[in-house]
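> Below are the chains, spelled out letter by letter.
Number of protein chains: 4
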Amino acid sequence: MTQFPETATAALAAAGGARVAWIRSRMALLAALREEFRRERPFAGRRIGVSLHIEPKTAVLLEVLAEGGAEIVGTGNHGSTQDDIVAFLRGQGIGVFGSRADTLDDHHANLARVLDARPDILLDNGADLAAGTVERGTAGAIIGGTEETTSGGDRLRGELMGKVPFPSIVINDSPLKAIGENKHAVGQSVVESFMRITNLMVPGRRFCVVGYGWCGRGIAQYLRALGGRVAIVEVDEIKALEAALDGYRVAPLADLAPWAEVFITATGRPGVLPAEAIGAMADGAVLANSGHFSWEIDVDGLRSMTRAETDLDGTLRRFDLANGRHVVLVADGRMFNLAGVAPKGNSIESMDIGFMLQALSLQRVALSAAGLAPGAQPVPDDINRRIARAMLAAMGAAR
Amino acid sequence: MTQFPETATAALAAAGGARVAWIRSRMALLAALREEFRRERPFAGRRIGVSLHIEPKTAVLLEVLAEGGAEIVGTGNHGSTQDDIVAFLRGQGIGVFGSRADTLDDHHANLARVLDARPDILLDNGADLAAGTVERGTAGAIIGGTEETTSGGDRLRGELMGKVPFPSIVINDSPLKAIGENKHAVGQSVVESFMRITNLMVPGRRFCVVGYGWCGRGIAQYLRALGGRVAIVEVDEIKALEAALDGYRVAPLADLAPWAEVFITATGRPGVLPAEAIGAMADGAVLANSGHFSWEIDVDGLRSMTRAETDLDGTLRRFDLANGRHVVLVADGRMFNLAGVAPKGNSIESMDIGFMLQALSLQRVALSAAGLAPGAQPVPDDINRRIARAMLAAMGAAR
Amino acid sequence: MTQFPETATAALAAAGGARVAWIRSRMALLAALREEFRRERPFAGRRIGVSLHIEPKTAVLLEVLAEGGAEIVGTGNHGSTQDDIVAFLRGQGIGVFGSRADTLDDHHANLARVLDARPDILLDNGADLAAGTVERGTAGAIIGGTEETTSGGDRLRGELMGKVPFPSIVINDSPLKAIGENKHAVGQSVVESFMRITNLMVPGRRFCVVGYGWCGRGIAQYLRALGGRVAIVEVDEIKALEAALDGYRVAPLADLAPWAEVFITATGRPGVLPAEAIGAMADGAVLANSGHFSWEIDVDGLRSMTRAETDLDGTLRRFDLANGRHVVLVADGRMFNLAGVAPKGNSIESMDIGFMLQALSLQRVALSAAGLAPGAQPVPDDINRRIARAMLAAMGAAR
Amino acid sequence: MTQFPETATAALAAAGGARVAWIRSRMALLAALREEFRRERPFAGRRIGVSLHIEPKTAVLLEVLAEGGAEIVGTGNHGSTQDDIVAFLRGQGIGVFGSRADTLDDHHANLARVLDARPDILLDNGADLAAGTVERGTAGAIIGGTEETTSGGDRLRGELMGKVPFPSIVINDSPLKAIGENKHAVGQSVVESFMRITNLMVPGRRFCVVGYGWCGRGIAQYLRALGGRVAIVEVDEIKALEAALDGYRVAPLADLAPWAEVFITATGRPGVLPAEAIGAMADGAVLANSGHFSWEIDVDGLRSMTRAETDLDGTLRRFDLANGRHVVLVADGRMFNLAGVAPKGNSIESMDIGFMLQALSLQRVALSAAGLAPGAQPVPDDINRRIARAMLAAMGAAR
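Residue numbers (our numbering), protein chains in the order written: chain A, 711 to 1109; chain B, 711 to 1109; chain C, 711 to 1109; chain D, 711 to 1109.
Bound-form chain A, shown alone:
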């Protein structure tokens, strides 16, 4: 790894290591797999190119892959890389680089360096690495890989269709992600973040959840379970009927804008909370987005209606509107379950499931790539079932 600039100090690495320790001790599935990989070394002689958010939970995944014999060459997402974790991983001989302060150019350079290292397996995110190999004409040297996101899967099935000669297993399409992460873990982290950031009472409060997909229904269920009064906006009639039969008020945003006190978006689509609706809200409405992209709340539109803007505490921002009322925006419209002081993100166990999908899919690629069709494909059913069984056992569900 000497080709990378050595910037991590021992102190930073120690701090990162301390943060990883608690998480590692609670990832029961990866802990068992670590032992198996140590014995069986499925990645011996393999170099895995990684593009993945670098934080304490991913660190445990990378450790386990390394334990399985992989040489890791990786980088994070732009702007979210945690320097202490980079330092910690490098101290373990795991080749990640990049830092939170990187410019976009730096980030692209980092991706290029991953490809320069000539990986033969990819752990990809948004199909960035896959596209890079196509561009360089080196895709043929890749035996296969995984793709973390649905949007990366769409890219593989879209613009990259026919150009990627290797199998790419799309992790986010696994039913275990919908069950374990999108519904329960996102629901949990959203309600935790709402309470942690705002300190507002949930019981009796009127919430409008925009979107009744897997994430939206987890959020709605948990808010209601804590005593919140929850209404749903959903454009798909079938999902809207599900919400109504689940006991929610289901109404157009125009009806709910003056009614709700808190609006949480969870659609993945742009502009679902437009300026017009914000203008109709009651004084003091709180707006938060739980979706991956920052586009669900029309912040520009909001700003255009605003007389004065006040930062309340770095995470909450008050907008005094020209109409004489004010609204409070959480985390500038970014995914607020990772915002504020001391955010924890999705629960450790939900990420244990998600990273087991990664680790076992990469193992399948390493050992049986020839048996897999080229291109984007779902996680093999036997892997889903093995993880479900392991999780049930780890949870002690039968007790």
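In case anyone wonders, no lab produced these hints; they're calculated from the structure.
Watch out, some of these pointers could steer you wrong.
[As the list claims (entries may be wrong)] Rough simulated footprint, nothing fancy, chain D against chain C, three-plus residues with beta-carbon under 8 Å:
(1) 883 to 890
(2) 1022 to 1034
(3) 1095 to 1102
[To be verified] Lysine to aspartate or glutamate pairs mimicking EDC-like chemistry, simulated, CA-CA at most 16 Å apart:
(4) C:873 to C:838
(5) B:949 to A:1092
(6) C:949 to D:1092
[Unchecked claim] DEER-style ranges, computed between Cβ atoms:
(7) D:1042 to B:1091: 56 to 64 Å
(8) A:1019 to D:1042: 35 to 43 Å
(9) A:1019 to D:844: 51 to 59 Å
(10) C:962 to D:790: 54 to 62 Å
(11) D:745 to A:868: 38 to 46 Å
The beta-carbon is built from N, C-alpha and C at its ideal position, and this holds for glycine as well.
For this one, chain A is given, so just place chains B, C and D on it according to the hints.
Chains B, C and D alone, transformed into the frame defined by chain A:
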């Protein structure tokens, strides 16, 4: 309709009519469709052959089809036909026949008479009429139809594949059935029936629900919501993990047999409550089946372990086992949400949805059969969406 | 018992006995007490005068008291006596009389005959027997007794204050009644009765529960748990705030009248659903009362606004109003959880708790009347605790 | 206020002010009262001696009292005073002093200085100020006051009985505290803190809640609502039966020790999680206390069984036991809903209710002390009802 023996008395018809009135007044979707059909007469000149459970709710569907111009020629399922409803419908000029006392031979004769009437559209159940036309070589005269059940759909895609030249829309495969009926309505009717038949307390009681499909999860959710302590048996690992993350104990039946006080099966599969498990149950365990078929509880096996059998009230039956304990079987292992005194079955509104699927699918067949592929097929998406929108409006979900 | 006319036939007694058998087999607390009473005979030589609703569950209580050595002389409430149970009890040598067809004069004569028999302990209801002894000047011959109702307790502390020289333990004031019966059992029986009688869907339906006392909150909790959208009317500000923090919409009846689809009263007070509110309801609103008295819904006022009245099925009655809309009244405004075909009333186990309070309080009177103060008093704390422990054990709460 | 050392810097005051701003903007009840007090000046000419936790929420209360004309002379609890809030308040001319670094001697000196200032009304905590006036013989100069805690109330009714000649209204005994704070707000902050501190999954996790009082039932309800599997330990039989009927497993700690994964104490009593139970727990059990006192978990006993102790992150501490298993203790057994990074404590609105009780009770004392009996007494009923009405309106419960 004079070819049918006239057995219905005016009194019987009046009794049936009274039972239909309340239901008709609460089927808002069919009520609106009735007006539309009256104006547009989509079935004018059509004869619809019907094989469907004959009870007050189906009566409303048949009325609406008749209002749309259809001539109805139909019969019920064996053993469940309600004579007052037959009398009532015949009094309205709707041609149904058969009676509860019919033998199996009578039932087959009734089905034959439906086909003898040369219908051009079928409202089928278990593909009995479709198979009959194939056997008679008259399938070519049918322009299309609907099939109520998934098992009928399987039959069309199995033994009848390629032999049925007309389109058959399989109602039970619509997402609205899973949402509106299998989860919510079955869940509601099962908890209502448990309370009505046994008069036992739900709060704090230990239930074992066998099966975590749509029906099982509705049952589990409602029992828990009423204060029951619910554990799940589920052989599919993915569904089992869902159950565990939904907060249920999930364990093998062998673990739960001595723990639970009430066992409810909802799998659709035979023998899921075998004699061996029954022998391990605690004294006084209550056994009930909510699935369509009577085979989920091994009643023969239970009987073979029994020293003495006592009828408690016609619906509850006590079995004193050779092991010194006793169990109580509900409704002889038949679908118990239609058992006991004064059963009501699924809620009126859930059947309003189900019969809207029938009525609009039959309309599609009547008006656009040529645009449909032959064989079993799902309900057209636009019909699902139209009904979802209508139901949201009828529920006043936005209020 | 030969002084009573012998009207019960063997067939009637057998029918009553069959109805009692299932209930007796599920009253675990009374079953254990029966064994204890058989050994210890706490009532040996005592005659207990009884005024209590006569139905299958009370039969088990009376059997247990008889097993404890008591001679029973009793009668039921006016209009609710179940003749088969009278016949069954008399066949067991338990002296109850009266019949459902009794006139009010007959009922008063029955009460007189109970007092004529010179009981020395009273199991009273509404303080009718206690008042009778005061009137006759025979109260001095009573060593003590129990009073089932709070209103009877109020009477003892009001008009009868100082005139009743014996201790009377008021059963309904026990915390176990609020917990076991008023909240959970009434809640369960109300939702069961709503579904059984109306066959309407609960999920997504808009309910207005009038009253947030113990009964109202049980009803609200269970309806919401089944997917209902529930709003509360409550005049007491503190309880109203509890309801709001429990996540309910809490509003004046005037606001909710046009919103809700179903109105359920649970206040114990007259006229809480007045004609004015009924006139503001949406077409098709359903009105039901769960309180003990029939006065909560202003049926006379409703009638005065009505153009036409139609009996739908003996339990549901349609009122077409002068304003062009209609409402549906359940059970003529009487307590509807005991109405309709095949009502079961409160769960067996909840009555097991209630009758244990009776049996142990009567035992206390029989064995230690001298240690009790005269007049109305609560159930001794040790009796409440003994029953709570026994119920926890019977439920297997620790499993 | 010049008699106090001026230590607060402007920067500190500004930081404190920023933290107060968001909270002030969300305390709707105090905001309205502030306007009323500004007009009516109920405390004009009065000096209020204050002993109360000094943090952002109390700052809003003190501002409102000052707005009502009061001169404030106060100090905080030992060890919890927030220096930026002291600085902020002093900058507003509100006389509070003390700092987080104070020794116990410093704290006592601070209390003495409050009394030296000769207040005529007390806002007391644990009856510390009341006891001080008795000791000094200056109690006669106090016209009345409030006492925040139940334990202070007990002290007034115990050792100080007959010695305190002025009325003291005990805030914590108000039903609004049980409803608004102990159940809902503590429940909310406990689940938020558990998720924030541990990042563990709640769905499917096995929790043991020790204590089923107001706090315990809020905690249990919310954990279960989020998908947790919750069991209860409760020594009082009546509360235990309530828990069982609410659908929880209720068992002795000895049964639950090896079953649960997380133990949360909420009893107010010492040693409810003794070393013996900890020794029986499964590997990795997490222990947390939500009660006010740090004595519920036997930390000394735990330590005596421990081979090695590791600080994980300042809030979580791992104890490797001599038996080969380990447990994780949260916040050293102190009230963990105020522990960890960025704790927020009870919701803003719940404290708005609590401080309205303070402000209106102090107003009653200021204006009508002569109408109040001396000694400890409950919040006047009209004050409770006024606040309940105001809160319902502020919540928009009717919408």
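> Failing hints, ascending?
Numbers 2, 10 and 11 - these are the hints that the structure violates, sorted from lowest upward.
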